[in-house]
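There are 2 protein chains.
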Amino acid sequence: MASEESKPILYSYFRSTASWRVRIALEWKGIDYEYRNIDLVSGAQQSEEYLKLNPYGKVPLFITKDGKAIAQSEAIIEYLEEIKPERPMLPKGACHRAQVRSIAQVIACDIHPLQNLSVLKHVAGPDMEKRSEWGNYWTSKGFEGLESMLEQTAGTYCLGDNITMADMFLVPMIFNAQRWKVDMKPFPLITRISNTLMTLPEFKLTHPHRQVDCPDELKETGL
Amino acid sequence: MASEESKPILYSYFRSTASWRVRIALEWKGIDYEYRNIDLVSGAQQSEEYLKLNPYGKVPLFITKDGKAIAQSEAIIEYLEEIKPERPMLPKGACHRAQVRSIAQVIACDIHPLQNLSVLKHVAGPDMEKRSEWGNYWTSKGFEGLESMLEQTAGTYCLGDNITMADMFLVPMIFNAQRWKVDMKPFPLITRISNTLMTLPEFKLTHPHRQVDCPDELKETGL
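Residue numbers (the UniProt record's numbering), protein chains in the order written: chain X, 1 to 223; chain V, 1 to 223.
Heads up, none of these hints are tricks.
Identical chains share a label here; the pair holds if one copy fits it or two copies do between them.
In silico BS3-like cross-links for lysine-lysine, where the CA-CA straight-line distance does not exceed 25 Å:
#1 Lys141 x Lys52
#2 Lys52 x Lys185
#3 Lys141 x Lys121
#4 Lys7 x Lys92
#5 Lys181 x Lys204
#6 Lys92 x Lys65
#7 Lys29 x Lys204
#8 Lys7 x Lys68
#9 Lys204 x Lys219
#10 Lys68 x Lys92
#11 Lys52 x Lys68
#12 Lys92 x Lys29
Just so you know, these hints were derived from the structure itself, not from any lab.
Chain X with its partners taken away, still in its complex shape (with noise of 0.2 Å):
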């Protein structure tokens, strides 16, 4: 046990991208983690044992090397910013961070949400295709929108020329949009800036296809 006491835990499931998400935030920190995977597919988020830990029920989770336990993807990151502030995800400056924050939130609280197991789910039930409709549908209306925002403030990443924390939430949506299908061709910024970060380390390593809990036939054909 004498990992858990030295080392943060991060609860994840391969696939997720708010998971997704923070892995690429400990890795761009150079901080060490253990990894415990959750799968969302069969129900273990909704253990006795995990609600206790997270009582909403979702990953990812994060457990501080004290043991508290930070749920939600960006509550976690905005804490390994403030607990560890080198390598900065926010960049100077209030309105350049409010920028930052709007671009990430436009992902976490507009695009992604829809596309929630629970709410594929309950649309279209084990219906792949469906969910693949529900999903492409919500993803390419959420990039039109996206795509326009980032027109005035990309450079290299999404805020001008340096990494921040809205490159980390948009990667991981470009990995879904893929999954539903979605016509990339309207969404050059987006493509563009996806593909520069998909050559960075911190990006690469924490892909889903390279997570311990992402099945073998999915790992060959991921990357």
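The hints should help you fit chain V onto chain X, whose structure is shown.
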């Protein structure tokens, strides 16, 4: 045009819960602002003029005194906290701050997005009963988890005995829950905290039914 130069501007819609969050924060901080109505029902958020200001086409949008535009309620509120730290909306201590952000984000990223007007229209068209059923389902489901979270954090308010950003996200959510006729009996903590908050001027004055763009017939029954 003098007011534009001296006061920040909030683009808001009376019934938008995300706009209400920001109205509470502005009132809490004692920041005077100009209220500009964006009528979501008539589609004003998609007008060419508004899209220039906010390419994502949603409310709220905050224009700083220097004319910088910030979208997304939580980004605006974090900005207000950074530029005016008096009457803090986040506690001291990284862990407590994370807990407050967690609660706010459960509301902003999990519960609220499913009841955005665009989603309601897509799912139920003009069928108000079907809209209400959908809103009721997702709010009730979300409140189950939120109530359990609050069991671990609440005092008088969402986190202990000081008002935080989490409380500013909670109250507007209850307003929506009432619209969907959510049975609040299973949620005694949510109910007790929001009732306490609604006795305070910052929450009362910013209520949807007290905004200039609220139709008169609602104003009469509102509070």
